[in-house]
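Engineer: Chains as they are written, first to last, in the UniProt record's numbering: chain A, 1 to 223; chain B, 1 to 817.
Treat each hint with caution, since some may be false.
[Said to hold, decoys possible] Derived CB-CB ranges, DEER-like:
| hint | chain 1 | residue 1 | chain 2 | residue 2 | range |
| --- | --- | --- | --- | --- | --- |
| 1 | B | 805 | A | 146 | 17 to 23 Å |
| 2 | A | 146 | B | 300 | 33 to 39 Å |
| 3 | A | 139 | B | 344 | 46 to 52 Å |
Hint data in this document are derived by calculation from the structure and do not stem from the laboratory.
In this text the structure is predicted, and so the values were computed from the model without any measurement.
From the three backbone atoms N, C-alpha and C, an ideal C-beta is built for every residue, glycine too.
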Amino acid sequence: MNNTAIQTDNLVKTIPQAGRELQILRGVSLTIDSGESVAITGLSGSGKSTLLGLLAGLDLPTSGSVKLFGQALDGLDEDQRAALRLGRVGFVFQSFHLLENLTALENVMLPLELGTQTGDYTVLATQALQRVGLAERLGHFPNQLSGGEQQRVALARAFVTRPQILFADEPTGNLDRATGNEIIALLFALQEKLQTTLVLVTHDETLAARCQTHYRLVEGALA
Amino acid sequence: MNLLFKHWQQRWRMPELRLLLLALIVSVSVVTAVGFFTSRVENAMQAQARQLLGGDLVLTSARPLDATYLQRAKALGLETAETISFPSMASRGDKLQLTQLKAASNTYPLRGDLKTAATPDAPSLLANGQFPARGEIWAEARLFTELAAKVGDAVNLGRSTFTLARVLTEEPDRSSNMFQLAPVVLMNMDDLQATELLSPASRARFNQLFAGKAAVIQQFQKAIEPQLKPTERVRTLDEDLASVQETLQRATRFLGLAALLSVVLAGAAVVLTSASLMRRELPAVAVLKAMGMSRRQVLLDHAFSLLLTALLAAAIGVAVGFVLQFALAEWLSQLVGKALPAPSLLPLLSGVLTAVVLLLGFALPQLLRLVNTSPMQILQGALQRPQQSLLWVGASLLLAVFGLLWLQARDWQLAGMLLLGLIVGTVLFWGLATAALRLVQALSKRVGGGWLPSLGRSRRAVLLVVVFATGLFALLLLTTVRTDLLNRWAETLPADAPDHFLINIQPAEAAPLQAFFKPHGVELNLYPMIRGRLVEINGKPVRVDDYENPRAQRLLEREFNLSSFAEFPVSNVLLEGQWFAGATQGLSIEQEIGAMLQFGMGDKLTFDVAGQRFSDTVTSVREVRWDSMQPNFFVIAAPNSMTQMPQTLITSVHFGEKKALVTELIQQFPSITAIDVGAVVTQIRSLVEQVSFAVQGIFVFTLIAGVVVLIAALQSQKAERRRELAILKSLGAGRALLQRRIWSEFLLLGALAGALAGLLALTAGNVLAYYLFDLGISLNIVPLVVSSLIGSVLVGVAGYWNLRGLLQVLPLSLLKS
Ligand SMILES: Nc1ncnc2c1ncn2[C@@H]1O[C@H](COP(=O)(O)OP(=O)(O)O)[C@@H](O)[C@H]1O
Ligand SMILES: [Mg+2]
């Protein structure tokens, strides 16, 4: 099943600002195969997050096209794009974005509840948390967990649906080096085990080196 | 569905949702409780009114009424009765007495009761369907005294002779004027013709009474109203508000105001909490949308949570309101003396509607905003709020507030005015708060207060001041009005409130009477009482038919009680003109009678007093408190201006336990009539106690609403303050410094809010007291100082308490979320 997961053609994103157009992405074309691990690096403000959002169909480009799972996104509305992601895409963010009022277990169960997955959600979510080493912390709320632990919960939440693609936007940006390394190790282990396509945004060159493919963004264009 | 419920339960962990529920419960409870109260009071008043009227519907006229009305009513299955009353002389031997003769059909009364006694001294009993047989009359005890007659004696009325069968002690429809000297005589309608007393010149009042099912009565009234002749009218009781009803009305007005303020406060809390709730949900929604959640699911999920919250709040609130109404029903049934009609279920509905309207109007725009959150946001460092038109929020807010006001006022116009007042009030508060903060800022620059300058520009500070000030304002306003109300009721009916009126006192008896009471430590205020008929206004003859209002007609058919004295009555309020300060000319009139009979300042009134004419010009207008149990007069002439007129004296006395004294008094002064109003006094007093209780109870709700809105405002700013504290901490600010900063900011804001609230409450309290509750104006600045102090302590403690948790947290973790 070595087909294409994501394909973009000449992606341009401009944003009207103070009367003139601000160009964030200036013609990005790339292809990401299923199971591949891809790093996107660049300076802060170079447009990494914007690109990630377009790849995942969170937003639409000003021009150019994105194909996700072979499906062109430009004709789809927000809900249709969401339906395409459902159960097949996972996210890990720089600032974790766990729901404060939910326990670790409940946070991990969320993507299951949204989807049409079969099985006992509690069991699946518990297993996911076991895989990230948090079997003892199921009932804890985010504010009772350290940053590293919160990101582990986020990893469990991202992988619980066994997604085909995982998008990670600077997953270690808010963590100290040692904790960051643990999270990265865990991330790659899960990616390998589940054969997930990984799109990793980072500004850490050593981290990027661990990925099969490495794109560099400079002022909105691939270098 | 299970999932929706589960998410609701999970949201329950957020303090914002709990606050939202609390705010909703408060408003629903207060709306339901006050709704029930008002509905029951109205029911009670109507029941009382029907008893006092003698029927569910009464037609009245100064001319004989059309007999077809009776036939039509009978065809509809209604019960009917007829009465004709007019003044007439009764005689026995050489003794003569003017009576108020009332001829009635034997079905009279249809509502309320006749009470009689076997002899003037015997206890009064229900007549239980008995009615004077032909040839018999029942008469008030005074007729027995005046004619020196006893039960069984014969009395002449016109061309007929009747047997005095029983003593009439009570009948519905009794003249509202308790000083009507002519005793009532009740006779069988079938005997009236033979007396040949009734002629077109008789000044008679014709009544037709109807009773039956409410719906049929309404149908009947609708059918005949267009056919009534100009002289024929439907009689209502609103015109003669009894003192009890006056008290009740004031109470319901206060409760309505308290409910309105509570709902407005709770509404503000709902706006603030739903806004912060939604703000909290924004990142969650963005994350879920990234995961693949559709807009429909977002909408459904949150709408379900909100609706469930609203329904829960409605259920709890309605239950609380319902429990409260049981307490109210208990004493109201004592008041009416009968089981109350089933309470209207309308308050339940308006309680539930209140919760739904509050949530729909205040949370819906936020919800739409939430649904439109872009998932892209989650990838961008700072979450910016989605742009949404303020018009939408504003429009839905205004609509919701208007809906709530209408639910309370049930009057489009009034609701519109209240809305306008609310807008003006908010703008005023906002403007004043901004100005006050700027002033503080300018002052602090001179003194060198380091961080203070930021306050003047901070909308956050303005919002806090406005919210606190509004809450405090509502509470102060209610406290002022409530205290005045309770004080005035207490003052109206002190423990030694008069329980007897003494009338028919001859001027020569004044001195011996004072001497009689002197050993008992009582000094009497004796007022002259002169009976006169109003015959001319500004030289133009007064004709009954010129007036549409039936009460006006009745007033003109009878004689007025006039008086003349120097000291302004304590229970009156001067509205226009001047009281006679040494003047020997002029008239002081009661405002309502002036309005009803269309005369006022500067008009010349002419009275016929036992054949003599007496004319003078109106020089002042008074408002009279009829529930004061003091002798009160529609028209008072300048002191000593009526000494030439035939007159008696009147006074009111408190006998209390010394009932024997009454008997002694009557023996010593046989011509004096003592009217026992003790029952009325007791009734009013117990009513006042119960109403005070209700008033305090509702006040507690307003208090809770105020506290809820305060917490809501603090909670809505917590995230922002959390970031700010983290930055300050990372800059090296110590715990003590932050503590001092928090304290001084909130103490200052609280003091400002308190001062603002105090100032406006003082103004508004006086306006309200004056117009709504008929109370006098007072300029008391103590509340201003007290409210500043209370505001500063309350807000300081609440603010510190709200933020204290953030002081312990490390700067890093504060920044993290
Ligand atoms: N919605 C937006 N409005 C205005 N500017 C934006 C918006 N989204 C991104 N930008 C700007 O586009 C540039 C790229 O942003 P981003 O993709 O977040 O960069 P990176 O993730 O590489 O730091 C930045 O300068 C950012 O300020
Ligand atoms: Mg970024």
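Engineer: Between residue 805 (chain B) and residue 146 (chain A), does the beta-carbon spacing fit 17 to 23 Å?
Structural biologist: Holds, since residue 805 (chain B) and residue 146 (chain A) (Cβ atoms, about 19 Å apart) stay within the stated range.
Engineer: Looking only at beta-carbon atoms, does the pair residue 146 (chain A), residue 300 (chain B) fall within the given range of 33 to 39 Å?
Structural biologist: holds, 35 Å
Engineer: If I claimed the Cβ atoms of residue 139 (chain A) and residue 344 (chain B) lie 46 to 52 Å apart, would that claim hold in this structure?
Structural biologist: holds, 49 Å
Hint compliance for this structure: every hint is met.
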